[in-house]
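Chemist: Which chain is which? The protein sequence lines are A and B, in order.
Just so you know, we're using my numbering here: the first sequence kicks off at 71 and counts up by one.
Just so you know, we're using my numbering here: the second sequence kicks off at 77 and counts up by one.
Treat the hints loosely; a few may be bogus.
To give an idea of the chain A side of the interface with chain B (calculated C-beta under 7 Å), a few residues [claimed, not checked]: (1) Leu-159; (2) Ile-221; (3) Arg-224.
Please keep in mind that the hints were generated in silico from the structure rather than gathered at the bench.
Computed from a predicted model, the values in this text were never measured in an experiment.
Note that beta-carbon positions come from the ideal geometry of N, C-alpha and C, so glycine has one too.
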Amino acid sequence: MSRQGEAVSPAVEVSPPAGTTSRTLTLWRRLSQLAGLAIWGQWSFYGIFRCPFIVPYVSCQNCPVITCHGRLFTMFWGFWLLLPLSALLFGRAFCGWACPGGLVNQLLGKLAWFKLRTRNRFTRLAPWGAYLGLAVSLYIWMVMRQPRSNIPIRVGEFFPAVALTFEHAGTLWLVRSFLVFGFLALGLLLANAWCRFACPTGGLLELVKRVSLFKVYRTDQCGDCDKCLQVCEMGTRPEAANCTNCGDCLDACPNGAIRIGRKKSL
Amino acid sequence: MVEKPKCPERRIFLKSMAGCALGAAASGIAPFRDAAAAFKGKHLQVWSCGGLAEAMMPAHRLYEERTAVTINYTGAFAGALGKSLLGGAQTEVFAGRVLDLAKKLRQAGKMVYFKPLCFTSYVLVTPKGNPGKISQIGDLIRPGVRLVLAPGASPPGGAAALNILNKAGILDQAMKNAVEKGTCVQRVMDTLLAGKGDVSIVELRITRMADFVGKLEVIPIPEALFPPPPLTFTVGVMKYAKDRDLADDYLSFLTSPQGQEFFERQGFIPALSAKGQELIEKLGVKDV
């Protein structure tokens, strides 16, 4: 069922050949995720394990950790310029197509006990956790002025430096880190718990995606059967909260009501 | 006063190297010897105070190039590394800040010996153009001067600046002018560069970092105001050195004129320089 009062122009729909689009798109998505891992993987790792600040990835321009890739390759500016642009074009696609953390969560999610591919009060309310994560991050970054709560291992061997980081971490740093690890571990119980219910970047993109140009969307032929929900790693439906435009559901709809492209309202 | 050009400093340094060669030998600094064949393919684990990282990394590149040795280097807050080393952590060479730390490691039997490596110094820094018209430390209490500090930074970054203000007898008045009391020296430099502050107190080495070089004006602080403990950097061989000859050779390189030049370039006072020799005597930087 489409949104109330909204009709969809068939002129802009892309009709996929049944059964092949999702598989092809998933293959491309995995390749894209691997590329994301190659480009942002080490920066992502540093942000979680070695960034001395409480909110990682936002203070790289004056971070004392010399060997961090975010600093080495000036990824910081490029990333934060391109991310909003990608959100305006493709909504929350970064989460499903490029984020190294997203890839890790999705792989863990395959082992998860509860996939949570259902619509109930919990799955409706829990995604608000990402907005809470975003609010807390903004508060720490902008109001608390991003305190440094750890010893920066400016240069160091990979694992020994992580060990030193944990050994000398401040309480606030440990709290934030164990929250992240806790959600990551929770992903083995509830699929993609971090991405769906806590990620501040996801929360930010969730806000912006409402105005994105291109997306995976439902037409008014949608029968609310939730077949799309059953194949979604994020346990959601096109255009709903947590949809990352991954395209896994493109062939799932028995009515062919799922499209990818630019949705125009009449 | 505007930061001095680098070339004259280097000339002075190189001249003083020659003058100090004899004195250096007497204080235990041996000349670097080429060890290309002897240590080829070996590894050396080096830990140092994070503040030395900018000098250590290019020095390591040269040493690796010459000897075909691989250096596994960690640079972090010396106090934390020292605490780890006094606990269960191990490394082969440790270059730390604060003389007492080296002495403690020697007394604990963890360090075999140490040598003076270099010294740091503190300066006033202002944005280009010196909008606050700062010329000496007393200006920090002038009404309207915006002071940016990082008292929450890893020691000695923040504490040293407060000590200098204290020794100058202006701590309380100066703190009333503090518009930022940050947790990271490098971050408050950004505040200064953004024009949101008029002056800060930092180590000279900070002004030589890639992000700040040429962007700040540097005004000397009288040496009498420097807090002694954080001034000294030493380098020592730990008892865990797998190849003692290699560790000795590496120390000889760092304390040779060629090795010392990396530290001079990054804003340190090399131990081998005339000033360094003077500080060795003044601060008693001798192995126990």
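Chemist: Would you mind marking each hint as holding or not holding in the structure?
Modeler: Each hint, compared with the structure:
Using the Cβ-Cβ criterion of 7 Å, the hint placing Leu-159(A) at the interface with chain B is not satisfied: the shortest such distance is roughly 31 Å. With a cut of 7 Å, the hint placing Ile-221(A) at the interface with chain B holds, because the nearest CB-to-CB distance is about 5 Å. A cut of 7 Å between beta carbons decides the hint on Arg-224(A): the least distance to chain B is about 4 Å, and the hint holds.
The structure does not agree with numbered hint 1 stated previously, though it agrees with all others.
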